[in-house]
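**Q** Chain by chain, the residues:
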Amino acid sequence: MDNIMYMLFVSVSIPILLMTLLVEKKARLPIAFMLIGIFVSVFAAEVNGLLTKALSMELYSITAVVTPVSEELLKALPILYYALVISDKREKLFTASMATGIGFAVLENAFYLLNYPNFTMLSAIIRAFGAGLMHGMCTLLVGVGISFIKKKRKLFAVGTFGLLSTAIVYHGVYNILIQSQFSIVGALLPIATYIPFFIWRLRIKRRANQTSKNQ
Amino acid sequence: MIDVEILCVGIAELAPIFATIFSLIYGLKHFFKKGKPLFLQTITMAMGSHALGSIYHLCQSLTSDVIIEGFTPAYLGRIGFFLFFITASYGQMDRIVDDGSSKMKPSRYIALLAPICAALLYIPNCIIEDVPIQTKAVYAFVWVPAVIAVYFNLKHAIIPDMDFGFIKAIKPYNILALCLCFSELICLTAWDYYYMVPLAVSSVVFGILCICTMVAAKKGVDKWTI
Numbered sequence: 001m002d003n004i005m006y007m008l009f010v011s012v013s014i015p016i017l018l019m020t021l022l023v024e025k026k027a028r029l030p031i032a033f034m035l036i037g038i039f040v041s042v043f044a045a046e047v048n049g050l051l052t053k054a055l056s057m058e059l060y061s062i063t064a065v066v067t068p069v070s071e072e073l074l075k076a077l078p079i080l081y082y083a084l085v086i087s088d089k090r091e092k093l094f095t096a097s098m099a100t101g102i103g104f105a106v107l108e109n110a111f112y113l114l115n116y117p118n119f120t121m122l123s124a125i126i127r128a129f130g131a132g133l134m135h136g137m138c139t140l141l142v143g144v145g146i147s148f149i150k151k152k153r154k155l156f157a158v159g160t161f162g163l164l165s166t167a168i169v170y171h172g173v174y175n176i177l178i179q180s181q182f183s184i185v186g187a188l189l190p191i192a193t194y195i196p197f198f199i200w201r202l203r204i205k206r207r208a209n210q211t212s213k214n215q
Numbered sequence: 001m002i003d004v005e006i007l008c009v010g011i012a013e014l015a016p017i018f019a020t021i022f023s024l025i026y027g028l029k030h031f032f033k034k035g036k037p038l039f040l041q042t043i044t045m046a047m048g049s050h051a052l053g054s055i056y057h058l059c060q061s062l063t064s065d066v067i068i069e070g071f072t073p074a075y076l077g078r079i080g081f082f083l084f085f086i087t088a089s090y091g092q093m094d095r096i097v098d099d100g101s102s103k104m105k106p107s108r109y110i111a112l113l114a115p116i117c118a119a120l121l122y123i124p125n126c127i128i129e130d131v132p133i134q135t136k137a138v139y140a141f142v143w144v145p146a147v148i149a150v151y152f153n154l155k156h157a158i159i160p161d162m163d164f165g166f167i168k169a170i171k172p173y174n175i176l177a178l179c180l181c182f183s184e185l186i187c188l189t190a191w192d193y194y195y196m197v198p199l200a201v202s203s204v205v206f207g208i209l210c211i212c213t214m215v216a217a218k219k220g221v222d223k224w225t226i
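For the protein sequence lines, the chains are A and B, in the order given. So in the working numbering, spot 7 of the first sequence is number 7, and the numbers just go up one at a time. So in the working numbering, spot 59 of the second sequence is number 59, and the numbers just go up one at a time.
If you are wondering where the hints come from, they were derived from the structure by calculation, not from laboratory data. All C-beta atoms in this analysis are idealised placements derived from N, C-alpha and C, irrespective of residue type, glycine included. Nothing false has been slipped in among the hints.
Straight-line Cα separation of at most 27 Å, DSS-like style, residue types lysine-lysine; simulated pairs:
id	chain 1	residue 1	chain 2	residue 2
1	A	Lys152	A	Lys92
2	B	Lys29	B	Lys219
3	A	Lys92	B	Lys34
4	B	Lys223	B	Lys29
5	B	Lys218	A	Lys151
6	A	Lys26	A	Lys205
7	B	Lys219	A	Lys152
8	B	Lys36	A	Lys151
9	B	Lys136	A	Lys53
Just the calculated beta-carbon pair ranges, DEER-fashion:
id	chain 1	residue 1	chain 2	residue 2	range
10	B	Leu62	A	Ile125	25 to 33 Å
11	A	Phe129	B	Ile116	47 to 55 Å
12	B	Tyr109	A	Thr211	53 to 61 Å
13	B	Leu112	A	Gln181	46 to 54 Å
14	B	Lys218	A	Lys213	32 to 40 Å
15	B	Leu62	A	Ile199	25 to 33 Å
16	A	Asn115	B	Glu69	26 to 34 Å
17	A	Arg153	B	Arg108	23 to 31 Å
18	A	Val10	B	Cys117	56 to 64 Å
Heads up, incomplete: computed chain B residues facing chain A, CB under 10 Å, no partners named:
id	residue
19	Leu38
20	Gln60
21	Ile68
22	Gly80
23	Thr87
24	Gly91
Chain A extracted, bound-state conformation (with noise of 0.2 Å):
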């Protein structure tokens, strides 16, 4: 079972991969961005090993100080490179950043679920709406404040920062609350910050659609 991150990457990542040579031009930066999402997740799996190791610290200090640091930071650099070298057009931030946390949390449940076989439905199911939807808001968080600060150069080094200190944040926030007595709240948080994101969204949509349909 040593392995056994390295067998799910694999017997994932692998179908995954062959899909993406066949769709179409345009469904393949999605799908591309979630099989980064996995193999940052595996490689997350490396570093947290080591920093454990190295750091000697209780469970509690690792799950609240340091996985927030390390993961967060390992999800943003694929979303970092895309926006500075390759594009930063809101919609394709927007698509890569919630692909890369979604396939990071992909592969986080599956390894969870074989870690733990007392796990139940119920709480696949808030680990699913949990940790799940956590990974792709703060990668989306990341991604769409980039598309905004790219734009404004004074404010690009202090603004990254503020936002991969956001995403920290928010996990770490949500990994105290999970394993407290108040667990319900850390397992609301993130459907609560996804809701109205969603909203926001969807104006943003209608707003675009009347502004093509008016002219």
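Model the placement of chain B on the given structure of chain A, informed by the hints.
**A** Quick look at chain B alone, frame taken from chain A:
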């Protein structure tokens, strides 16, 4: 009877959260409009950054007895808070208000008083014995941007207004921002020493200054268009 310690810690935790969230909402409502200067949006982000750090700290205090020594994500909120203030002053205002001429020299020298005072405030945190070295190191990371931020705030508060009345209009903002940065440093020092009453008082002062800074910034910038 409520324990004085619990009451003071409660005030110290909640006052900055409420004030920064109020300031954030105020900033989002008034400053994120077309034509508004970027420096207003930057100070709004400073408030948001501080709010997040404070929320993390509150969640950690409420849910666990474990005291984490050294770095926690809560400090990122504080570092971000000062970095955004630097960006607001240096990145966006300094080139407008300081043309590099010799007339500005006295202001530049006098402004050095603020970072010196801020640096001196770090000494009590450095010499305290009960606090581990990791926490002292993290505090140093918070202090560095704070020292730079207070320099520009004092400089812009005393620099002669050369033209357009730009700097004169936002002088109250700069004075309040200077006090705000110092109150935050005093809060951190009070946390370090765990002096309950000064902690609660400085947190309330910080909260009031947060709101006043945002209002002063809005009033100052409104004068630019007149």
